[in-house]
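Spelled out, the chains give:
2 protein chains.
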Amino acid sequence: MLREQLSNATGKQVRKAIREREWTRTTHGLARSYVQANLAIVPEQYAFDFLRFCQRNPKPCPLLEVSDPGNPEMPITAPGSDIRTDLPGYRVYRNGALIEEVPRIEHLWRKDHVSFILGCSLSFDEILTDEGIAQQHLKEENGRIAVYKTNIECQPAGVFKGPMVVGMRPIARKDVARAIEITSHYPLAHGGPVHVGDGRDIGINDATKVDWGRYTPPSEDEIEVYWACGVTPQAIAMASGIPEMITHSAGHMFVTDIKLSAIRT
Amino acid sequence: MLREQLSNATGKQVRKAIREREWTRTTHGLARSYVQANLAIVPEQYAFDFLRFCQRNPKPCPLLEVSDPGNPEMPITAPGSDIRTDLPGYRVYRNGALIEEVPRIEHLWRKDHVSFILGCSLSFDEILTDEGIAQQHLKEENGRIAVYKTNIECQPAGVFKGPMVVGMRPIARKDVARAIEITSHYPLAHGGPVHVGDGRDIGINDATKVDWGRYTPPSEDEIEVYWACGVTPQAIAMASGIPEMITHSAGHMFVTDIKLSAIRT
Numbered sequence: 001m002l003r004e005q006l007s008n009a010t011g012k013q014v015r016k017a018i019r020e021r022e023w024t025r026t027t028h029g030l031a032r033s034y035v036q037a038n039l040a041i042v043p044e045q046y047a048f049d050f051l052r053f054c055q056r057n058p059k060p061c062p063l064l065e066v067s068d069p070g071n072p073e074m075p076i077t078a079p080g081s082d083i084r085t086d087l088p089g090y091r092v093y094r095n096g097a098l099i100e101e102v103p104r105i106e107h108l109w110r111k112d113h114v115s116f117i118l119g120c121s122l123s124f125d126e127i128l129t130d131e132g133i134a135q136q137h138l139k140e141e142n143g144r145i146a147v148y149k150t151n152i153e154c155q156p157a158g159v160f161k162g163p164m165v166v167g168m169r170p171i172a173r174k175d176v177a178r179a180i181e182i183t184s185h186y187p188l189a190h191g192g193p194v195h196v197g198d199g200r201d202i203g204i205n206d207a208t209k210v211d212w213g214r215y216t217p218p219s220e221d222e223i224e225v226y227w228a229c230g231v232t233p234q235a236i237a238m239a240s241g242i243p244e245m246i247t248h249s250a251g252h253m254f255v256t257d258i259k260l261s262a263i264r265t
Numbered sequence: 001m002l003r004e005q006l007s008n009a010t011g012k013q014v015r016k017a018i019r020e021r022e023w024t025r026t027t028h029g030l031a032r033s034y035v036q037a038n039l040a041i042v043p044e045q046y047a048f049d050f051l052r053f054c055q056r057n058p059k060p061c062p063l064l065e066v067s068d069p070g071n072p073e074m075p076i077t078a079p080g081s082d083i084r085t086d087l088p089g090y091r092v093y094r095n096g097a098l099i100e101e102v103p104r105i106e107h108l109w110r111k112d113h114v115s116f117i118l119g120c121s122l123s124f125d126e127i128l129t130d131e132g133i134a135q136q137h138l139k140e141e142n143g144r145i146a147v148y149k150t151n152i153e154c155q156p157a158g159v160f161k162g163p164m165v166v167g168m169r170p171i172a173r174k175d176v177a178r179a180i181e182i183t184s185h186y187p188l189a190h191g192g193p194v195h196v197g198d199g200r201d202i203g204i205n206d207a208t209k210v211d212w213g214r215y216t217p218p219s220e221d222e223i224e225v226y227w228a229c230g231v232t233p234q235a236i237a238m239a240s241g242i243p244e245m246i247t248h249s250a251g252h253m254f255v256t257d258i259k260l261s262a263i264r265t
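First to last, the sequence lines map onto chains G and X.
The numbering used here numbers the first residue of the first sequence as 1 and each following residue consecutively.
The numbering used here numbers the first residue of the second sequence as 1 and each following residue consecutively.
For the record, the hints were derived by calculation from the structure and aren't laboratory data.
Be careful, since some hints might not be right.
Stated by the list, open to error - DSSO-like cross-link-like pairs, simulated, lysine-lysine; straight-line CA separation at most 27 angstroms:
| id | chain 1 | residue 1 | chain 2 | residue 2 |
| --- | --- | --- | --- | --- |
| 1 | X | Lys16 | X | Lys111 |
| 2 | X | Lys59 | G | Lys12 |
| 3 | G | Lys174 | G | Lys111 |
| 4 | X | Lys59 | X | Lys174 |
| 5 | X | Lys209 | G | Lys59 |
| 6 | G | Lys59 | X | Lys174 |
| 7 | G | Lys111 | X | Lys161 |
| 8 | G | Lys161 | X | Lys111 |
| 9 | G | Lys161 | G | Lys59 |
| 10 | G | Lys259 | X | Lys59 |
| 11 | G | Lys59 | X | Lys16 |
To be verified - Beyond 12 angstroms from chain X on every Cβ pair, some chain G residues (computed):
| id | residue |
| --- | --- |
| 12 | Met1 |
| 13 | Asp82 |
| 14 | Arg264 |
The C-beta atom is built at its ideal place from N, Cα and C for all residues, glycine as well.
Generate the whole structure from the sequences, applying the supplied hints.
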């Protein structure tokens, strides 16, 4: 009931429900006409490297906004927000290892923290659905897609380097061209796919062995389509072993005030 | 003759001609199908602020690439380039004041220098011309437009804050809608205009008094159209009084290897 109410709510209303702990689960399907975002918080010392990394790799890291150091608000995409309380779940990484998952991070916040919010594909899942393009994994709540490391190297920046991570969605062959055309209009939600068809072309040698998420095999009339994935910066920050990074928990996104229609190019 | 040859050359060929001092004048009309760019070099200490400023103000500061500190190459947009020699002219600002204009900056280069290249409107001047949209100022070599400070405040970031600077082009009323539609497809070259018509709406109280460039009055069948201008970051860095900033000289741009067609959205 609350889910239904929040699915038609604004980004601001969803953030409020999360902040007041009325909503503590994934944000999948909430504030349906608003852009949702991945979160990455890094110490200021690494922020310039990380910002260059995002700028150089816009498909996996489509940057929506970067905070000022120590300021927990995102004044452009979500005025009045508090990044420490407005997501339903956070992951804390230290020295490249996941340490804990927590519902709030006020106790961890420091004045040298810089928050990055990056567009995520939840947004175009909504759009593909509206356009009548079916996706098997969306039939379940918390529907997860198959996520893989590839052999596509990101453009490095400072301490950050490593492979692009992609999400695979089986798409009906009759819909593939249209799905690509539609998503290409949303570069701030990863844009068009990076590959179509056999995953071995991009280093995915056994599709059943996912690195994250869950494998859904394509049915007979479907083909694999691979979009760049917002897990990339997390994977790369972990590989770099920087002393600290705080992110959203899987599916527990930051909901902005930006309308999906406003990021269409 | 050399101009004609270079007008059909690649970005790489133009950079070579400049580096070898075969070409020392403005880049207007050179490498016509390639993206030209504004340059801003700041000390690393200010680079994260400046990068956030660009990210927050994409109309005046459409970021094409940011270098690693101390690296004079732009590896993504211009592999093999050297930012210290590949522009025909540079301006050196110290503590907010223009100190000198120089043809090369090898002697000034330091390992804490970070280069930003930002899309410029020379690119869409080419495109508007190709589409048959006349612009009076392009009839002259080194054609300059009227450039003004406005009352539109940029989104601040760190030490950088101040008003947006715009360039005014008189456009035939019959062509205005099409000119807007075309330029809107090039967000990396300032995109669509920020204002159309009476400049007083954006704080330009006397159009004949330019802040930079030269005023061309609209003819009877023309109307003023204002696009965000790449002078903005220079004006703002000067106002902030940061100890050092090196830019291109007016019209002496950095020519990239990126095709204009590749930045169309």
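Okay, the hints, checked on the actual structure:
{"no.": "1", "hint": "X:Lys16 / X:Lys111", "result": "holds, 23 angstroms"}
{"no.": "2", "hint": "X:Lys59 / G:Lys12", "result": "holds, 26 angstroms"}
{"no.": "3", "hint": "G:Lys174 / G:Lys111", "result": "violated, 51 angstroms"}
{"no.": "4", "hint": "X:Lys59 / X:Lys174", "result": "holds, 25 angstroms"}
{"no.": "5", "hint": "X:Lys209 / G:Lys59", "result": "violated, 43 angstroms"}
{"no.": "6", "hint": "G:Lys59 / X:Lys174", "result": "violated, 38 angstroms"}
{"no.": "7", "hint": "G:Lys111 / X:Lys161", "result": "holds, 21 angstroms"}
{"no.": "8", "hint": "G:Lys161 / X:Lys111", "result": "holds, 21 angstroms"}
{"no.": "9", "hint": "G:Lys161 / G:Lys59", "result": "holds, 15 angstroms"}
{"no.": "10", "hint": "G:Lys259 / X:Lys59", "result": "holds, 19 angstroms"}
{"no.": "11", "hint": "G:Lys59 / X:Lys16", "result": "violated, 31 angstroms"}
{"no.": "12", "hint": "Met1", "result": "holds, 39 angstroms"}
{"no.": "13", "hint": "Asp82", "result": "holds, 19 angstroms"}
{"no.": "14", "hint": "Arg264", "result": "violated, 10 angstroms"}
Violated hints, listed in ascending order, are 3, 5, 6, 11 and 14; each of the other numbered hints is respected by the structure.
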